[in-house]
Amino acid sequence: MNFDFTDEQVMLRDSVARFIQDDYDFDTRCKVVASEAGMSKANWDTFAELGWLSVPFAEEFGGFGGGPVDLMVMMEEFGKGLVVEPYFATVVLFGGLLSRGGSEAQQGDFIPRIIEGSCLGAFAYLERQSRFEIADVQTRATRQGEDYLLDGEKVVVFNGANADTLIVSARTAGEQTDKHGITLFLVPANAPGVELVDYRLMDGQRVANVVLREVVVGASHVLGAVDEGLPLMQAVISDACVALGAEALGIMDRLNAKTLEYTRTREQFGVAIGSFQALQHRMVDTFMSCEQARSLLYRAVCALEKEDDDPARDIHALKVMIDKAGKHIYGEAIQLHGGMGITDELDIGHYAKRLMMINATFGNGDYHQGLFNALSYGRDAA
Amino acid sequence: MDTSFSAEDLAFRDEVRAFFAEAYDDDLQARLADKATFREAVIDWQRRLHDKGWIAPNWPKAHGGAEWTPTQNFIYETERAAAGVRDVVPFGLKMVGPVIYTFGNDEQKERFLPRILRSEDWWCQGYSEPGAGSDLAALKTRAERDGDDYVVNGAKIWTTYAQYADWIFCLVRTSNEGKKQNGISFLLIDMHSPGIKVNPIVSIDNHHSLNEVEFNNVRVPVANLIGEEHKGWTYAKALLAHERTSIAGVADSKRALAEVQHFAAREQNGGRFLIDDPLFQQRLSDIEIELMALEYTELRVLASVAAGGAPGAESSLLKIKGTEIQQAIQELRMELAGYYQGVLPTELAQEVLGHSFGSDARQAFMYGRAATIYGGSNEVQKNIIAKAVLGL
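So the protein sequences, as listed, match chains X and B.
Reminder that position 36 of the first sequence reads as 36 in full-length UniProt numbering, one-by-one numbering, no gaps.
Reminder that position 93 of the second sequence reads as 93 in full-length UniProt numbering, one-by-one numbering, no gaps.
Bound conformation, chain X alone (with noise of 0.2 Å):
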């Protein structure tokens, strides 16, 4: 048993943590999501270069064969840094979907495109019917001799408006909750009939509602198996909650030491507020969230890498707790920080904003701990 990093998981980590010490700080960052993409092309290419876009890729498309591990450390300093390029939408999400479910022709075109920087995805899953069920698809998919014909709406679509290619989740065959009959699609953005409205989320990140009316698609866009697209999507969402968890980890990790920084540092009554143990206390319920936190993100990488396991209950219980532990640790930084805690020029409200969108994001805790009950308590798992 070890919990140690290998030297290539070693490096990864610190190469993402040099490049946010030295070309993005949060200044940076705030041009970067102000700006007309809300993103830097610049920075994506030097994604590309330093060969992070290939990590979770398999070695014959030009990937790094990477693992879960692998994406953890990466996306903990990605978290450190409130990075907002598309990585999580177009290399875990998209890449991931495609990766998992692809046939080798689209492996073949769309991976290499995406290692080298030039291909952005997204994955529109969501409705505005649907919160947390992915299941729940009103999108309709209609056989049309050889093509398929996409009609319905998607929302919040991560990366939505700067993709060039959408993944879009359409019924097939059955009722609008039904497990069975759901189909992937890989759409291009700019197919005729795709409309979007691009927007901007609390957390700096960009997405677009997309309209999609009498869509043209050929069968070979079809993404892994007709009707059996859930599974794919209950998989890649399984990985991608774990990557969440790490980005979590690593703002949950960052807030606490700014607090404890800002704590040694601002005085009152003519000492150092650290000194109160009224405070002292708080960080350490705070610093003890964060490593309980920082054990159930182990916990399930570890279920993810053994292939033998179901990591179903493990990453239940890592979304219950980021959720949790997010909330408490965000609170109590905002409240440590006094009055420059509430402001926007400081970077902890915005650390705690993004928190607040991973945990809405594959489910808040709430549904997640339902999810767990379920398998833990249900009278079909007893």
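The reader is advised that the hints may include incorrect statements.
Okay, derived cross-link-like pairs now, EDC-like style, lysine to aspartate or glutamate, Cα gap no bigger than 16 Å in a straight line [to be verified]: (1) X:Lys-306 to B:Asp-2; (2) B:Lys-387 to X:Asp-285; (3) B:Lys-387 to X:Glu-261; (4) B:Lys-52 to B:Glu-22; (5) X:Lys-324 to B:Asp-286; (6) X:Lys-258 to X:Glu-332.
Quick list of simulated restraints, FRET-style, between CB atoms [unchecked claim]: (7) B:Glu-335 to X:Glu-133: 24 to 34 Å; (8) X:Met-11 to B:Ser-6: 21 to 31 Å; (9) X:Leu-375 to B:Asp-26: 28 to 38 Å; (10) B:Val-222 to X:Thr-6: 45 to 55 Å.
Non-contacting residues of chain B with respect to chain X, defined by C-beta distances greater than 10 Å in every case (computed) [unchecked claim]: (11) Ala-33; (12) Pro-57; (13) Arg-86; (14) Asp-87; (15) Tyr-101; (16) Ile-157; (17) Leu-353.
No lab work stands behind these hints: they were computed from the structure.
The beta-carbon is built from N, C-alpha and C at its ideal position, and this holds for glycine as well.
Since the structure of chain X is already known, use the hints to place chain B on it.
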């Protein structure tokens, strides 16, 4: 990063299971449950572990230990708790033993270690005093040099199992000069010495495990001093980190939670089993998820210790979280017991009800209050983390 079990680990797990199934037999369990035979039964069980070579998993081999890997420790603890097997009495094997082989002289090692391994001496711990609880270094029990002896006067309190003990390891004051930590020495005292008096303390669970130990002109040979005079605080601190790590009790909490789940699937309210009640499930998983996290926190600490680190302030985290979880489980068990929590543990109740769940739950709940107090209260642990980890 890898937490999978090797083939050897799995074989070890099978061996542990088979050993518990055979050696922790019904007769032994009955004798452990009976106050009159408890002491002898504990010794009997520990000798069986000794014969198996498992009595001191973490002692160095040179001193008769097994030097298990963290994985073996984890497997053993998990299986032990799952089988409902009691842990060894820690005072000799987990506390004073390591102090003696780390800081004691050769004569002390030869004299005491084999007897600890064979459970020939029952040890207890003399740290807290009526006036020194969280502020342990304020202890006042005096040891004054008189020829080849120390003469000890004072009192220790909260001494678990002093009524059974042959020996007590004590922190005593040998000097009042300088910082209060600097005048403390670590002394081994024969409990059969003249001048020692043990006064029982009945705890909130109506049991007697705690005591006050009085020392009136007790003569202790200087040969029983561990290490250097006035340096006892250093030795005690090394020991406390180990003690806190073992207080986390992850494996036992897993078993306790499984028991709660078991009873929740049998107890009904309004025709519905409690395990099917979403609110009850929520309370259960609030605890279980924290416990799943703590299990890995403990593994992380064990792995870093095995890699050469010492259990430092992280052990305080294990202590705080571990005891909070224990109490949360005990509280949930009381909720589950409903009216039965009031039942006293008489034979009649067991006979009439067909179970002792209520009184067992209460015993655990009431004595469980001690866990956030002993081994350094959780508030003191937070002070330690604030200082040692956060640098405040």
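Right, here's what the structure says about each hint:
no.	hint	in the structure
1	X:Lys-306 to B:Asp-2	holds, 9 Å
2	B:Lys-387 to X:Asp-285	holds, 14 Å
3	B:Lys-387 to X:Glu-261	holds, 14 Å
4	B:Lys-52 to B:Glu-22	holds, 12 Å
5	X:Lys-324 to B:Asp-286	holds, 10 Å
6	X:Lys-258 to X:Glu-332	holds, 11 Å
7	B:Glu-335 to X:Glu-133: 24 to 34 Å	holds, 32 Å
8	X:Met-11 to B:Ser-6: 21 to 31 Å	holds, 28 Å
9	X:Leu-375 to B:Asp-26: 28 to 38 Å	holds, 35 Å
10	B:Val-222 to X:Thr-6: 45 to 55 Å	holds, 54 Å
11	Ala-33	holds, 29 Å
12	Pro-57	holds, 15 Å
13	Arg-86	holds, 26 Å
14	Asp-87	holds, 21 Å
15	Tyr-101	holds, 25 Å
16	Ile-157	holds, 26 Å
17	Leu-353	holds, 24 Å
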